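Chains as they are written, first to last, in the working numbering: chain D, 1 to 430; chain E, 1 to 245.
Careful, some of the hints might be misleading.
Okay, derived cross-link-like pairs now, SDA-like style, lysine to any residue, Cα gap no bigger than 20 Å in a straight line [what the hints assert, rightly or not]: (1) Lys-53/D / Ala-195/D; (2) Lys-414/D / Ser-94/E; (3) Lys-414/D / Gly-92/E; (4) Lys-165/E / Gly-111/E; (5) Lys-369/D / Asp-51/E; (6) Lys-369/D / Glu-74/E; (7) Lys-414/D / Thr-101/E; (8) Lys-139/E / Asp-407/D; (9) Lys-369/D / Tyr-53/E; (10) Lys-369/D / Tyr-86/E; (11) Lys-139/E / Ala-391/D.
Bear in mind the hints are in silico, worked out from the structure with no lab data behind them. Computed from a prediction, not measured in an experiment: that's the story for all the values here.
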Amino acid sequence: MPELIKSTYRDQAASLSGTLAGLDSLRDKAIDRFAETGFPTARDENWRYSDIKRLRGQAFAAAQIQSDARIPDAICTTAARLVIINGHFDQERSDFGDLLQAISVRPLANHLMANSERANELRVGREATSVLNTALMRDGLVLVVPAGVEIDDPIEIIHIMHDAENAAAQVRHLVELGEGAKATILERFIGDDSAYWMNSVVQARVAEGAALNHYRMQMDGSQAIHTANAAVSVGAGGNYSACNVSLGASLARFDAQVRLLVDGANATIDGVALAASRQSHDMLVHVDHRMPSTNSDQVFRTVADALGKSSFQGKITVADGAQQTLADQSFKALLLDRTAEANAKPELEIFADDVKCSHGATIGELDAKAMFYLMSRGIDPTTARQMLVEAFTDDALARIDNAAIADALRNQIKGWMMAHVPNTSGKDAA
Amino acid sequence: MLTVRDLRVSVENKEIIKGLSLEVKPGEVHAIMGLNGAGKSTLANTIAGRDDYEMTAGSIEFDGKDISELEPHERVGEGLFLGFQYPVEIPGVSNLNFMRTALNSVRRYRGEEDMSAAEFMKLVRTKAAELKMDLEMLKRFVNVGFSGGEKKRNEMVQMAVLNPKLAVLDETDSGLDIDALKVVADGINAQRKNDTAILLITHYQRLLNYVQPDVVHVMIDGKIIKSGGKELAAELEEKGYADVA
Ligand SMILES: Nc1ncnc2c1ncn2[C@@H]1O[C@H](COP(=O)(O)OP(=O)(O)O)[C@@H](O)[C@H]1O
Ligand SMILES: [Mg+2]
Chain D
1 MPELIKSTYR
11 DQAASLSGTL
21 AGLDSLRDKA
31 IDRFAETGFP
41 TARDENWRYS
51 DIKRLRGQAF
61 AAAQIQSDAR
71 IPDAICTTAA
81 RLVIINGHFD
91 QERSDFGDLL
101 QAISVRPLAN
111 HLMANSERAN
121 ELRVGREATS
131 VLNTALMRDG
141 LVLVVPAGVE
151 IDDPIEIIHI
161 MHDAENAAAQ
171 VRHLVELGEG
181 AKATILERFI
191 GDDSAYWMNS
201 VVQARVAEGA
211 ALNHYRMQMD
221 GSQAIHTANA
231 AVSVGAGGNY
241 SACNVSLGAS
251 LARFDAQVRL
261 LVDGANATID
271 GVALAASRQS
281 HDMLVHVDHR
291 MPSTNSDQVF
301 RTVADALGKS
311 SFQGKITVAD
321 GAQQTLADQS
331 FKALLLDRTA
341 EANAKPELEI
351 FADDVKCSHG
361 ATIGELDAKA
371 MFYLMSRGID
381 PTTARQMLVE
391 AFTDDALARI
401 DNAAIADALR
411 NQIKGWMMAH
421 VPNTSGKDAA
Chain E
1 MLTVRDLRVS
11 VENKEIIKGL
21 SLEVKPGEVH
31 AIMGLNGAGK
41 STLANTIAGR
51 DDYEMTAGSI
61 EFDGKDISEL
71 EPHERVGEGL
81 FLGFQYPVEI
91 PGVSNLNFMR
101 TALNSVRRYR
111 GEEDMSAAEF
121 MKLVRTKAAE
131 LKMDLEMLKR
141 FVNVGFSGGE
151 KKRNEMVQMA
161 VLNPKLAVLD
171 ETDSGLDIDA
181 LKVVADGINA
191 QRKNDTAILL
201 ITHYQRLLNY
211 VQPDVVHVMI
221 DGKIIKSGGK
231 ELAAELEEKG
241 YADVA
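So that you can see chain D by itself, here it is in the shape it has in the complex:
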């Protein structure tokens, strides 16, 4: 990787010195680590399916504050709508509703200003993208839901990228749920057609008996790179439930690391990726069962059209002594064209003997028999394909407990099918 890129990022990190209280030493550590490793190559297991030439080949500038981006309409009733444009929190255009009466929501800078010690809770991260995020983070939101507080409506965080050619947003959110707290976070990502890089890290802590739903709707612009990491820890009887729907960007990675730290911690991590021509969608999940009686379940469904690529790497680790662990993982990919590609790499590392872990991965095409059956009832091939794709992706949306969000995601999937899947008949496709 060219030295110029590393030194550009080092300069960017240096220019941020002092901007976030207590963070400088972590930044230094992160930029040093990044300088050592640079971006990975395809030889790196975790990156083998991602083509990150563009990240390796150019330094992205810091995306600038923008005020004329359009805020998309809400897709459901929300508790608050928090707007981040080009990686900068836009307080004026955000709508906090009544949320601040129940929980604390602060920009990262204010959070650290109030107590710079809390910078120690920020993680450097493992992957190069997370490490660089640590070195270059500027803004983000810190949501603290106090013990026992339940927020029913989703808290929407809208990330918009606008006029950000060759620029990057480095966003870091922290989410903390106290004992027995409940919240739903809906992250949306949209952007224009500029060639930007959205790099997001979310750190979440789910305390004993708390429940966090984390829904992501990734619709970044067609030239964008989207890399996201969710680092989550779950306490006793707590639950983390995620669904990541990935439609946008030319290269999209969602990497979830979930640690089940105490007995009875649960996680469900689901996702849908739709890869159209020249899009590459990667989803990586690592669920780490540290203690006994922890449960996890993953359902991932991906669809790839001509020249599209979808990849899944799912790792389940069960620590020595983490007995009575239940872990299940299901990955299915649907290829709509001969030039579409899907990859699956399930991995189990189990050091306890009394556990139930299973995984399944299949890669296939649309069922020709089902297509003919639908068509033999008068349904045209385009609609028939849509119905089958929707039925296929629905598996991964089943756990979304907010009907409006689930419907909005279904509509996006339908829209994707209409936009990307050519109006081919059963005859031409065969």
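With the hints as your guide, set chain E with the ligands onto chain D.
Coordinates of chain E with the ligands only, in the frame set by chain D:
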């Protein structure tokens, strides 16, 4: 209504239908009987437009129109219906959504307005009751977890909802107990009108006790080797295919 002339069909380059002609007029019920492997399902699927069945010769006319170049869904729009020997399970798609999409697709093909959800539910409720199909089953995924008999009754509900001009029913009677057979036969008879026609494919005479055919054809090795009145079915039952042929 349906005119098949000198039809030849190959599947994976193997000729299965070897010169078959058939004429079904409005108001008629024809039965095609033949042993397993005779090519009955191949004929039914070819009429419905299945794309991996290659028509190498002949023609299929429906209502005076050559339909051999039409896609399966267009043939349904023209008024054709195929009841499957093996109805397909489609996880994730509910029966009701499936039938409503189907009905509205056909209506659009004919330049008609969509049917409202309320009207549709009324129609399905009536048809399901006639065929003794539990409405709860119709809320489930298409044919998933249905018994053989339930699948066949589901085919009949779909036929009743789509109300085709010509129904080609491929072994709709197989795998049914006597009660289910009577229900299905009632469904078929209800579809029998002056301006509709039915092509029953079967290899037992049993169904024909409940649905009286006007014409019976015997099919062996991709050809109709004999046609006659309903007494031909009884003769087949008695003497077997070898002797009738
Ligand atoms: N999809 C297919 N691929 C290959 N051979 C087939 C296929 N469908 C039918 N055949 C063959 O065609 C012949 C006729 O089958 P079919 O039409 O199912 O007969 P029937 O319905 O009268 O029992 C059989 O020899 C069968 O093996
Ligand atoms: Mg057959």
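**OP:** Compare the distance between the alpha carbons of Lys-53/D and Ala-195/D with 20 Å, and conclude whether the hinted pair is satisfied.
**Re:** Measuring from Cα to Cα gives roughly 14 Å; hence the hint holds.
Subject >> Restraint status (C-alpha distance of Lys-369/D to Glu-74/E at most 20 Å) >> reply: holds, 18 Å
Subject >> Straight-line alpha-carbon gap Lys-165/E to Gly-111/E, limit 20 Å >> reply: Judged against 20 Å, a Cα distance of about 17 Å means the pair holds.
Original post:
Straight-line Cα separation of Lys-369/D and Asp-51/E no greater than 20 Å?
Top reply: holds, 11 Å
Subject >> Hint consistency between Lys-414/D and Thr-101/E [alpha-carbon to alpha-carbon, up to 20 Å] >> reply: Measuring from Cα to Cα gives roughly 15 Å; hence the hint holds.
Original post:
Between Lys-414/D and Ser-94/E, does the CA-CA distance stay at or below 20 Å?
Top reply: holds, 17 Å
**OP:** Could you grab the alpha-carbon distance between Lys-369/D and Tyr-53/E and see if it respects the 20 Å cut-off?
**Re:** Holds, at about 13 Å.
Original post:
Holds or violated: are the alpha carbons of Lys-414/D and Gly-92/E at most 20 Å from each other?
Top reply: Holds, at roughly 15 Å.
Subject >> Hint consistency between Lys-139/E and Ala-391/D [alpha-carbon to alpha-carbon, up to 20 Å] >> reply: holds, 14 Å
Subject >> Satisfaction of hint between Asp-407/D and Lys-139/E, Cα-Cα up to 20 Å >> reply: holds, 19 Å
**OP:** Decide if the proposed pair is consistent with the structure: Lys-369/D and Tyr-86/E, CA atoms, cutoff 20 Å inclusive.
**Re:** holds, 10 Å
When each numbered hint is compared with the structure, no violation occurs for any of them.
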